[in-house]
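Visitor: Here's the letter readout for the chains.
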Amino acid sequence: MDAWLFEIIGKFNYWIYVVLMMTGFYAMIRKNNLIKKLLGMNIFQTAIILLYISMGSKVGGKIPILDKEQALAGAVQVADVVNPLPHVLMLTAIVVSVSVTGVALAVALRIYKEYGSIDEDQILERIGKS
Amino acid sequence: MQYSDSLVPLIIIFMAMAGIFPIMLAGNKPSLRSKFIVGVAVLVFVTVAAQVPAIFGGQVLTCTLAKVLPGAWIKLRIDAMGLMFALVASFLWIFTSFYAIGYMGSLKEHAQTRFFVFFAIAIGAALGVAFSANLLTLYLFYEVLSLSTYPLVAHDQTEEAYAAGRKYLTYLLGSSIAFILPAIFLTYYYTGNLDFADNVRSGIFSGAVPPNVVRLIYVLCLFGFAKSAIMPLHRWLPAAMVAPTPVSALLHAVAVVKVGVFSTTRVMLYFFGVETMDSLGLGMPTAYFVSITIIVASMVALTKDNLKARLAYSTISQLSYIILGVALLTPQGISGGLIHIANHAFSKITLFFCAGAIFVASHKKNISDMNGLGRLMPFTFGAFAIASLSMIGAPPVAGFITKWYLFLGSLEAGQVGIILVLVASTMLNIGYFAPVVYRAFFASPMAGKSGEGLREAPLIMVIPLCCSAFISILIGFYPDFLMTFVKGVLG
Amino acid sequence: MNHNLPVLVLAFPLLAAFAVNLLGKISKKHVAPWTLASLILSAGTSLWVLKDVLQNGKFSYTVGGWMAPYGIELVLDPLSALMLVMVSWVALIATFSALPSIKKEMPGREHLFFSLYLILICGMMGLVITGDAFNLYVLLEITSITTYGLIAMGKGRAPLSSFNYIIMGTIGACFYLLGVGYLYLLTGTLNMADIASRLPALYESPTVATAFCFLIVGVWIKMAFFPLHGWLPNAYTYAPKGASVLVAPLMTKVSVFLMIRIMFSIYSPEYDFLMHLGIKNLVVWAATIAIVGASLIALTQKDFLKMLSYIVVAEVGYMVGGVWLANQEGLTGAIFHILNDSLMTLCFFLVASAIAYRTGSSRIADFRGLFQKMPLTMLALSVGALSVVGVPPTCGFFSKWYLLLGGVEAGQWEFVAALIFSSIVNAVLFYRVFEVAFSHSEEEPSLKFENSRILETSPMMIPPLVVIPVVLLVIGLSAGPLVREVIRLAVPAL
Numbered sequence: 001m002d003a004w005l006f007e008i009i010g011k012f013n014y015w016i017y018v019v020l021m022m023t024g025f026y027a028m029i030r031k032n033n034l035i036k037k038l039l040g041m042n043i044f045q046t047a048i049i050l051l052y053i054s055m056g057s058k059v060g061g062k063i064p065i066l067d068k069e070q071a072l073a074g075a076v077q078v079a080d081v082v083n084p085l086p087h088v089l090m091l092t093a094i095v096v097s098v099s100v101t102g103v104a105l106a107v108a109l110r111i112y113k114e115y116g117s118i119d120e121d122q123i124l125e126r127i128g129k130s
Numbered sequence: 001m002q003y004s005d006s007l008v009p010l011i012i013i014f015m016a017m018a019g020i021f022p023i024m025l026a027g028n029k030p031s032l033r034s035k036f037i038v039g040v041a042v043l044v045f046v047t048v049a050a051q052v053p054a055i056f057g058g059q060v061l062t063c064t065l066a067k068v069l070p071g072a073w074i075k076l077r078i079d080a081m082g083l084m085f086a087l088v089a090s091f092l093w094i095f096t097s098f099y100a101i102g103y104m105g106s107l108k109e110h111a112q113t114r115f116f117v118f119f120a121i122a123i124g125a126a127l128g129v130a131f132s133a134n135l136l137t138l139y140l141f142y143e144v145l146s147l148s149t150y151p152l153v154a155h156d157q158t159e160e161a162y163a164a165g166r167k168y169l170t171y172l173l174g175s176s177i178a179f180i181l182p183a184i185f186l187t188y189y190y191t192g193n194l195d196f197a198d199n200v201r202s203g204i205f206s207g208a209v210p211p212n213v214v215r216l217i218y219v220l221c222l223f224g225f226a227k228s229a230i231m232p233l234h235r236w237l238p239a240a241m242v243a244p245t246p247v248s249a250l251l252h253a254v255a256v257v258k259v260g261v262f263s264t265t266r267v268m269l270y271f272f273g274v275e276t277m278d279s280l281g282l283g284m285p286t287a288y289f290v291s292i293t294i295i296v297a298s299m300v301a302l303t304k305d306n307l308k309a310r311l312a313y314s315t316i317s318q319l320s321y322i323i324l325g326v327a328l329l330t331p332q333g334i335s336g337g338l339i340h341i342a343n344h345a346f347s348k349i350t351l352f353f354c355a356g357a358i359f360v361a362s363h364k365k366n367i368s369d370m371n372g373l374g375r376l377m378p379f380t381f382g383a384f385a386i387a388s389l390s391m392i393g394a395p396p397v398a399g400f401i402t403k404w405y406l407f408l409g410s411l412e413a414g415q416v417g418i419i420l421v422l423v424a425s426t427m428l429n430i431g432y433f434a435p436v437v438y439r440a441f442f443a444s445p446m447a448g449k450s451g452e453g454l455r456e457a458p459l460i461m462v463i464p465l466c467c468s469a470f471i472s473i474l475i476g477f478y479p480d481f482l483m484t485f486v487k488g489v490l491g
Numbered sequence: 001m002n003h004n005l006p007v008l009v010l011a012f013p014l015l016a017a018f019a020v021n022l023l024g025k026i027s028k029k030h031v032a033p034w035t036l037a038s039l040i041l042s043a044g045t046s047l048w049v050l051k052d053v054l055q056n057g058k059f060s061y062t063v064g065g066w067m068a069p070y071g072i073e074l075v076l077d078p079l080s081a082l083m084l085v086m087v088s089w090v091a092l093i094a095t096f097s098a099l100p101s102i103k104k105e106m107p108g109r110e111h112l113f114f115s116l117y118l119i120l121i122c123g124m125m126g127l128v129i130t131g132d133a134f135n136l137y138v139l140l141e142i143t144s145i146t147t148y149g150l151i152a153m154g155k156g157r158a159p160l161s162s163f164n165y166i167i168m169g170t171i172g173a174c175f176y177l178l179g180v181g182y183l184y185l186l187t188g189t190l191n192m193a194d195i196a197s198r199l200p201a202l203y204e205s206p207t208v209a210t211a212f213c214f215l216i217v218g219v220w221i222k223m224a225f226f227p228l229h230g231w232l233p234n235a236y237t238y239a240p241k242g243a244s245v246l247v248a249p250l251m252t253k254v255s256v257f258l259m260i261r262i263m264f265s266i267y268s269p270e271y272d273f274l275m276h277l278g279i280k281n282l283v284v285w286a287a288t289i290a291i292v293g294a295s296l297i298a299l300t301q302k303d304f305l306k307m308l309s310y311i312v313v314a315e316v317g318y319m320v321g322g323v324w325l326a327n328q329e330g331l332t333g334a335i336f337h338i339l340n341d342s343l344m345t346l347c348f349f350l351v352a353s354a355i356a357y358r359t360g361s362s363r364i365a366d367f368r369g370l371f372q373k374m375p376l377t378m379l380a381l382s383v384g385a386l387s388v389v390g391v392p393p394t395c396g397f398f399s400k401w402y403l404l405l406g407g408v409e410a411g412q413w414e415f416v417a418a419l420i421f422s423s424i425v426n427a428v429l430f431y432r433v434f435e436v437a438f439s440h441s442e443e444e445p446s447l448k449f450e451n452s453r454i455l456e457t458s459p460m461m462i463p464p465l466v467v468i469p470v471v472l473l474v475i476g477l478s479a480g481p482l483v484r485e486v487i488r489l490a491v492p493a494l
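Protein chains in written order, with the working numbering: chain G, 1 to 130; chain Z, 1 to 491; chain D, 1 to 494.
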């Protein structure tokens, strides 16, 4: 029991990411409402972003803005600053995620105009009728 | 044997296929188109015939087109066996061209340009099969032939024609893709080579290939070339008879079915080789297996009243003679089989020409309606009688030569069973041909249906059929020319 | 080599994308010349790159002068150079068909369409030459987002199909991103070569296996590997013809290439095929099921484009199976088939666009009389069909040949059987199309020819319809030297 608790608490950030990701994944696959699907997609992407960020963070780590002289002199301990690279990567990923969401919303809008609904079952029903 | 590089095989095939362009361009002017059709046929035949001296002199002309896979190239070659077939096919193409122009013109058929274009492609493909130097190339032309004859079979564009066309392609393409491609593939995998051997003895399979794999490949080849119409893969041939008669004549007496047996025998002789076939015990089972086709197809022919259907089943039966002869694996048997490629071609094309001429003149398709027609159409039925004799194997017509060698071959092989099959099949041949001739000449016309106004078909149709009948007799008297090819094959 | 060439290949369409958008606003006349000019330049340069790589070997370009592993590296080995040529040439040829069909389908919006179109091409070219795992993700999303947009521009069900594609595509891309995350966690680097050099020491770690699974499944979704193909058929069917003619031949094939990149440039054959022995057979079986399943579904389709889409899905099975046969012949076949299949698919979609342009329909039942009305188009379709069935001397035969050799060598007979089965199914499929197209009755022409004055189809669509069948035959006839001198070099060493 203790070992189990330790597993969860010690790596709580990863557990959160897994739970979030599964929530998002479930919504994307299972929900009929297109907007809910999109929300799931965003949760899914956010979970991955959290994973990357928690990869780069360190207990007690400082902001990685360094003095050039100090850095060149080798006076900076790597363990003292958080890893900036995952943040940078995630900036890109956020941009990507925003643009996908944008495109998806635009498409959803067109679907709504076309069929007057954002519920997948209803849309398929209307396609079947026409 | 002396090998030399030459562009001749390529040029011949190219000439036949390029022939479609002038035919297409002259599409609106039937008389000019007819001249081109005949011109192309004559040109191709002359070029093929010009190769005879070289091949008789022991030369083999080869031509490599593309090195597509290591050890398996697209390659052509002219040797004795291929040239014999090419000669027969291109020679009969000339007759058929005349005949087809007459037939299509008399019946005012639609889409004649398309018909002649695909006809030329089909002949080009048949020549390609004759000149293939390996199984890959042979397969390639074989498929071109299947595809290019589809528009000819479905020419009428009626439901029946489409159904026949579908059956035709299903059998031919289906079997070749399902059987021949795997056979090619297995051979390549085990030997790394697809070229036909130099002689009929050794084949290309060395002792290293497991015998059961060779047997499997053999069976795949035997059934894959469904154009040879071995039962149970024969159903397409009677169905394809809905095509216009010139198609039935050339394609289903010469080009298509002969390509089938040519491919089968080519593979048996040059791919497996007599020795391999003998040591693996493939010859006799094949001979007995095709005997079933010979007998059963003849029996079915007896029951058919439609003349073309009867001829179709007769073709199925006669094709298996060729395979039977080669499967005996004795020199006499192989001679009988190979020479039958030519003999059957001349005789059967005569029969189909006659069937077409009867249809054009009287619009009659059924044998039971032909009472007394022989007296009104003496030339047509005379030729029919001669060709029937050839099918039966009576001297002095071409078919006799075949039967003679087949009997000798079975004696050589010591197979009494095969002799019995030959005797039985001869009886059956008489059974289904004699009534036709008898009705035409001796039965009195049916009451109420006078033959008033019935005459021979146009001359352009009657002359070719008389010529081909005459050639059947000629071969019967002078088989030496064809035998030279066979000797070239046997080495 | 001129060291900037690889970037130039990408730069032409990227810059043209902006030019088309801006100048297209002013006048639609500017769209076609800019699009074509940039693609011609790009295609020409890509050939130059390939020639150079074949002569001088692998070459890497550091973007902005930042050295690998810190900067982004573009890797040009024979395989990626070959893919670059394929992408740029297929895109160029497809454009000849896309221009007239888009002009007809969405008049007034060509500039919007073609700026997305050019960015998509640029993204695909980037995908095949990038040597950086994260950069690959970004490019993957660039191609995906542009594809979503292009597909959604279609009529009727297109937006819905596009939406499904967005959901599936995002799952695929996120899986890939997760995989990259795990690899970064383990190795601290994103450069493929750098990861590859650090990874072998960690091969035992379950995290490596997890990352592998995520990466591979991610690209499988992107390539529509059966049964992850759900998004593809509708997307390709309802998209504007000008979009599907570009996307269908390239997108799945580029994804197969990405799988090869992941398996051989990030991981190694030892890991892929030896660490978890059962996986190899399992994937080949999955590929077998993919081929058979997609072929069977294709048989039930009544719409020509839907049928083609399922053929595309079946062909993905060929290539995935070929790679996972884990031998030289299978890989040769798979890579050769990437090339051939993209050309065959291009051929089919060119034909479909031409027919849709002329008749406005893609239902097979509406194809009556096409042989008479559009002989050239049907001739192109015939050659394409022969190739996809695998009849020599078309190129499809030869790649299938190597795949079969690989299957036999690996002893995976089920894969061999599936290949033959799918050949026969393809023969049936196209036979049915031809039978309809061949039939016609003079009295009741069922074909609604919208504009009977035009010759066969738009004059711009004619050159590709002539070129592609010839290319299919030429590649087939030169299969020997092509495999020996190009494909073999591109095959990763086993």
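Hints in this document: simulated from the structure, not taken from any laboratory. Fair warning: there could be bad hints in the mix.
Claimed, not checked - Only some residues are given here: those of chain G computed to face chain D with a beta carbon under 8 Å:
#1 Ile43
#2 Phe44
#3 Ile48
#4 Leu50
#5 Leu91
#6 Ala104
#7 Gly116
Unchecked claim - Among chain D residues calculated to face chain Z with C-beta under 8 Å, some are:
#8 Pro200
#9 Ala201
#10 Glu204
#11 Pro206
#12 Tyr431
Said to hold, decoys possible - Lysine-lysine pairs mimicking DSS-like chemistry, simulated, CA-CA at most 25 Å apart:
#13 D/Lys51 <-> D/Lys103
#14 D/Lys29 <-> G/Lys113
#15 Z/Lys304 <-> Z/Lys108
#16 G/Lys62 <-> G/Lys113
#17 D/Lys103 <-> G/Lys113
#18 G/Lys11 <-> G/Lys58
#19 D/Lys155 <-> D/Lys103
#20 G/Lys113 <-> D/Lys302
#21 Z/Lys304 <-> Z/Lys167
#22 D/Lys25 <-> D/Lys155
#23 G/Lys58 <-> G/Lys68
#24 D/Lys29 <-> Z/Lys67
#25 D/Lys302 <-> Z/Lys167
#26 D/Lys155 <-> D/Lys51
#27 D/Lys51 <-> D/Lys104
By construction, the Cβ of each residue, glycine as well, lies at the ideal position given by its N, Cα and C atoms.
Visitor: Run every hint past the structure and note whether it holds.
Guide: Tested hints:
Given the 8 Å rule on beta carbons, the hint for G/Ile43 is violated: about 11 Å separates it from the nearest Cβ of chain D. The restraint placing G/Phe44 at the interface with chain D holds, with a minimum CB-CB distance near 6 Å, inside the 8 Å limit. A hinted interface residue such as G/Ile48 counts as satisfied when its beta carbon comes closer than 8 Å to some beta carbon of chain D; here the least separation is about 6 Å, so the hint holds. A least Cβ separation of about 11 Å between G/Leu50 and chain D goes past the 8 Å threshold, and the interface hint is therefore violated.
Hint status for G/Leu91 relative to chain D: violated, with the closest Cβ pair at about 11 Å, above 8 Å. With a cut of 8 Å, the hint placing G/Ala104 at the interface with chain D holds, because the nearest CB-to-CB distance is about 5 Å. Because the closest C-beta pair between G/Gly116 and chain D is about 13 Å apart, greater than 8 Å, the hint is violated. A least Cβ separation of about 34 Å between D/Pro200 and chain Z goes past the 8 Å threshold, and the interface hint is therefore violated.
Because the smallest distance between the Cβ of D/Ala201 and any Cβ of chain Z comes to about 39 Å, over 8 Å, the interface hint for this residue is violated. Interface restraint check for D/Glu204: the shortest CB-CB distance to chain Z comes to about 37 Å, outside 8 Å, so the restraint is violated. Annotation: interface hint on D/Pro206 violated; nearest CB of chain Z at approximately 39 Å, more than 8 Å. This hint holds: D/Tyr431 has a C-beta 6 Å from the nearest C-beta of chain Z, less than the 8 Å allowed.
Proximity of D/Lys51 to D/Lys103 is assessed by CA-CA distance (about 36 Å); at most 25 Å being required, the pair is judged violated. Between D/Lys29 and G/Lys113, the direct Cα distance comes to roughly 31 Å. Violation of the 25 Å bound is thereby established for this hinted pair. As the CA atoms of Z/Lys304 and Z/Lys108 are separated by approximately 28 Å, the hinted pair breaks the 25 Å bound. At roughly 50 Å between alpha-carbon atoms, G/Lys62 and G/Lys113 are farther apart than 25 Å, so this suggested pair is violated.
About 24 Å separates the Cα atoms of D/Lys103 and G/Lys113, which keeps this hinted pair within 25 Å; it holds. Of the supplied pair hints, the one linking G/Lys11 and G/Lys58 holds, its CA atoms being roughly 13 Å apart against a limit of 25 Å. In summary, the hint linking D/Lys155 to D/Lys103 is supported, as the alpha carbons are separated by about 14 Å, within the 25 Å threshold. Distance hint between G/Lys113 and D/Lys302 is unfulfilled; the C-alpha atoms sit about 28 Å from each other, more than 25 Å.
A hinted pair counts as satisfied when its Cα atoms are at most 25 Å apart, and Z/Lys304 with Z/Lys167 qualifies at roughly 20 Å. This hinted pair checks out: D/Lys25 and D/Lys155 have alpha carbons roughly 22 Å apart, not beyond 25 Å. The suggested pairing of G/Lys58 with G/Lys68 holds, with an alpha-carbon distance near 22 Å, which does not exceed 25 Å. Restraint check for D/Lys29 and Z/Lys67: not satisfied, since their Cα atoms lie roughly 47 Å apart, outside the 25 Å limit.
Proximity of D/Lys302 to Z/Lys167 is assessed by CA-CA distance (about 22 Å); at most 25 Å being required, the pair is judged to hold. Between D/Lys155 and D/Lys51 the alpha-carbon distance is near 42 Å, which puts this suggested pair outside the 25 Å criterion. Under the criterion of a C-alpha separation no larger than 25 Å, the hint pairing D/Lys51 with D/Lys104 is inconsistent with the structure, at around 38 Å.
Hints 1, 4, 5, 7, 8, 9, 10, 11, 13, 14, 15, 16, 20, 24, 26 and 27 from the earlier list are contradicted by this structure; the remaining hints agree with it.
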